[in-house]
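Chemist: So you can see what is in the structure, the chains are spelled out below.
There are 2 protein chains.
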Amino acid sequence: MTPEFISQIQHGEPLAVARAITRVERGGDDARTLIRALFPYTGCADLVGITGAPGTGKSTLVNALAKELGAREKRVAIIAVDPSSPFTGGALLGDRFRMQDLAGTGIFIRSMASRGQLGGLAAAVSDAILVLDAANFDVVLVETVGAGQGEVDIAKHAHTTIVLEAPGFGDDIQAIKAGILEIADILVVNKADRDGANATAAALEMNLSLNPDKSAWRPPILKTIALKGEGVRELVDAIATHQKYSREKNLRAKKEAARFEDELRELLQRELLQQKLQNVAEAKWQSWIQEITARKRDLYAIADEILNS
Amino acid sequence: MTPEFISQIQHGEPLAVARAITRVERGGDDARTLIRALFPYTGCADLVGITGAPGTGKSTLVNALAKELGAREKRVAIIAVDPSSPFTGGALLGDRFRMQDLAGTGIFIRSMASRGQLGGLAAAVSDAILVLDAANFDVVLVETVGAGQGEVDIAKHAHTTIVLEAPGFGDDIQAIKAGILEIADILVVNKADRDGANATAAALEMNLSLNPDKSAWRPPILKTIALKGEGVRELVDAIATHQKYSREKNLRAKKEAARFEDELRELLQRELLQQKLQNVAEAKWQSWIQEITARKRDLYAIADEILNS
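Taken in order, these protein sequences are the chains called Y and G.
If you want the working numbering, it's the position in the first sequence, counting the first as 1, plus 28.
If you want the working numbering, it's the position in the second sequence, counting the first as 1, plus 28.
It is possible that some hints are incorrect.
If several chains are the same, the list does not tell them apart, and a pair holds so long as it fits within one copy or across any two.
[As the list claims (entries may be wrong)] Cut-off 16 Å, straight-line C-alpha distance, at most; resulting in silico cross-link-like pairs (EDC-like, lysine to aspartate or glutamate):
| id | residue 1 | residue 2 |
| --- | --- | --- |
| 1 | 95 | 258 |
| 2 | 312 | 289 |
| 3 | 251 | 262 |
| 4 | 272 | 233 |
| 5 | 324 | 284 |
| 6 | 282 | 319 |
| 7 | 184 | 129 |
| 8 | 251 | 333 |
| 9 | 184 | 58 |
| 10 | 312 | 333 |
Simulated from the structure, these hints should not be mistaken for lab results.
With the hints as constraints, model all of the structure from the sequences given.
Modeler: What follows is the structure in structure tokens.
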């Protein structure tokens, strides 16, 4: 890892940035060395998380958002978190459409799947964000499919979290139950020209009104038609409003502290387990698992034996 | 915890089973004692995971599946994993409709949200499955929203994993990218009377054909209309076929071993971190986090300090 490579990353040279992200995806000592070298140069980028179920038009909205931010002179990067494409492990057709859509705009886009990362997808995404932050992008948009805990963690650690819904899921209650409403700073009903858009917005409104904490930030509910670019300008304005509020109330610093706290715990857990198991023979480990599957001993009994060894 | 309580659970008495699940949800020593007492009586239930995005008609299909299994003299329990309803933390309207639908059928149903579990939702679900297994249910249906890593973990640890798709998401590629295809033992296109059902099935078929491992189980692609009960009988047959195959090829035992291995790792990580941090003062911890947010030191430097202390 030459000083030249670090300098290329800091200047945001796309190939260097892409190579750096590949390195942090692979994990291990190389990733650690790189992150440690870049870390002092991070902390400036605005981190915006966008999460929503498949079919809500997330990619289209994120692309439109990136272009609008670009039009406002922001340097924008997108991380599209995609929990492992089947078999191929790589980008599917949809990604290529997106990349073509962004060609020539200077917007950096990267898909990240869940395969082969030591420490899991969340850790790799987090390190990729640090790379983009060090590469002096003004805004990093992190797009996740949402609903699962790992993904919710990624989204909730953004400075501003946008939760996307769309009408036409047939059952609005179901769509709202996705469990990510409470982490939303901004709610968006995309595909707002479809039947049921008002019902979806009303259902979100009703759910917000259940929040007992009236002093907290109340997420605005915006309507967009991402395909036509409608409502995207208002969404960028809403992000700016939230970020201003967030800085004034010191929430940005708190969110960042919570993020690093979670990451430190995760890192410690991985390292502690590795330390503990490094002298355990594979055969011994397998014999423990066999005792459990045979119901001779339970998980807790085995765990106690390992912890006391 | 009286022997009578254990006996009531083993006889599948609904109130005792519900109380036992509440106890494992709360975690801590009580949960551990209960699981250790029940563990020897587990290992017989068939575990079927059903996962799909909101809007695919998952709940309706799971209810129909449970009724068809019930008609075949199976004792059925459902765990509906719902990553935390917003604010309320409890069951929403949709759950009550479902429960009414199942009233009088003898089918046990329980929603589990992600709030307040020590060790996370996956660990609580796993313990709840053990409770239902010890309660002599023949089949435990575990329903998850899918897409996130934690949820994928829950689904992949089932003996048979069903991945649900539905037409009409506008962008078939997107629906397939949910990243759970590769864990599917059976693929279902629900709402098969809608436009695009054949296209969705064809897209799934194409994706399956990308799998280089031709010797492996090839997931059948079934079409259902859960609301009308159409295709549900065939789905129950397909589950039986997969389970027969799975037992013959010893895959069931392998899946179970993998599940316990993951669970043991998780448990060890939690316990090791707790041991390591129990003598760290809160103020010290906060000062480390502050050093990180101020970019004075990086995560890895702090982690090394803690590990070497």
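Chemist: Does each hint hold? Answer for all of them.
Modeler: Consistency of the hints with the structure:
1. 95 to 258: Answer is within: at 13 Å inside a copy they meet the 16 Å cutoff, but 45 Å across does not.
2. 312 to 289: Between copies, since 13 Å is at most 16 Å while 34 Å is not.
3. 251 to 262: within (9 Å within a copy, 41 Å between copies)
4. 272 to 233: So residue 272 and residue 233 fail the 16 Å test inside a copy (23 Å) and across (48 Å) alike.
5. 324 to 284: between (45 Å within a copy, 14 Å between copies)
6. 282 to 319: Close across copies (14 Å), not inside one copy (45 Å); limit 16 Å.
7. 184 to 129: Result: close neither inside a copy nor across copies, 28 Å intra and 35 Å inter.
8. 251 to 333: The answer is neither: 56 Å in one copy and 48 Å across copies each exceed 16 Å.
9. 184 to 58: neither (28 Å within a copy, 31 Å between copies)
10. 312 to 333: within (12 Å within a copy, 31 Å between copies)
The structure shown violates the earlier hints numbered 4, 7, 8 and 9.
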